[in-house]
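Student: 723 is the number of the first residue of the sequence shown in the numbering used here; add one for each residue after it.
Hints were generated in silico from the structure; no laboratory data involved. All figures in this text were calculated on a predicted structure; none of them were measured in a lab. We treat Cβ as the ideally placed atom computed from N, Cα and C, and that holds for glycine. Keep in mind that a hint or two might mislead.
[To be verified] Now the in silico label distances, taken between C-beta atoms and shown as ranges: (1) T789 - G736: 18 to 24 Å; (2) Q819 - N760: 20 to 26 Å; (3) K757 - E870: 26 to 32 Å; (4) D797 - E768: 37 to 43 Å; (5) F735 - Q819: 21 to 27 Å; (6) D797 - S743: 19 to 25 Å.
[As the list claims (entries may be wrong)] Derived pair list, reagent style EDC-like, types lysine to aspartate or glutamate, alpha-carbon separation capped at 16 Å: (7) K757 - D797; (8) K879 - D797; (9) K809 - D844; (10) K779 - D844; (11) K827 - D797; (12) K725 - D797; (13) K744 - E870; (14) K785 - D761; (15) K871 - D761; (16) K725 - D761; (17) K809 - D761; (18) K772 - D761.
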Amino acid sequence: MAKQALILYYSQFGNTARLASKIHEATGADIVSVKVPNDTFPLDMEETGKIYQQQLKTHTYPKLVTTLPDLSYYDLILVGGPVWNGKVASPIISLLQQLQGFTGKIAPFSTGWSDTGDYQEDFINYAGKLNVTSGYHILTHGSPAFNEKSLFSWLRKL
Numbered sequence: 723m724a725k726q727a728l729i730l731y732y733s734q735f736g737n738t739a740r741l742a743s744k745i746h747e748a749t750g751a752d753i754v755s756v757k758v759p760n761d762t763f764p765l766d767m768e769e770t771g772k773i774y775q776q777q778l779k780t781h782t783y784p785k786l787v788t789t790l791p792d793l794s795y796y797d798l799i800l801v802g803g804p805v806w807n808g809k810v811a812s813p814i815i816s817l818l819q820q821l822q823g824f825t826g827k828i829a830p831f832s833t834g835w836s837d838t839g840d841y842q843e844d845f846i847n848y849a850g851k852l853n854v855t856s857g858y859h860i861l862t863h864g865s866p867a868f869n870e871k872s873l874f875s876w877l878r879k880l
């Protein structure tokens, strides 16, 4: 693990928040929940998907209402979010845009109801010049119990 780590995550339904909390417990890293305005996404995932597709098409990503801490204090940022259609959720795209200029490592982690699809590649594309390391993903639906051993193994490699 790095000297100073920060966990930044977006969670619509609580799954990514639970994983971020596990990472926080394991590392003691600072943790910040990234928020969008309350009326950005409905509670229905199908409707959220339609809004998301429109955001991707028009490159208009949601505004973040979270104030980020001074990033110069950190040498690693763990960025967590849900997988939407095998891709990076739009609030994470907004976050990655705000992180441009950060010189430390970025480690993605994600949660989803299915396989990650092209999540890592998509994350790297949106990260621009950020230094992205390999990510961590857990299935949150119809999967075996959460595997802390695999999480700890990933964290040790950071």
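Student: Going through the earlier hints one by one, which of them does the structure break, listed in rising order?
Tutor: 7, 15, 16 and 17
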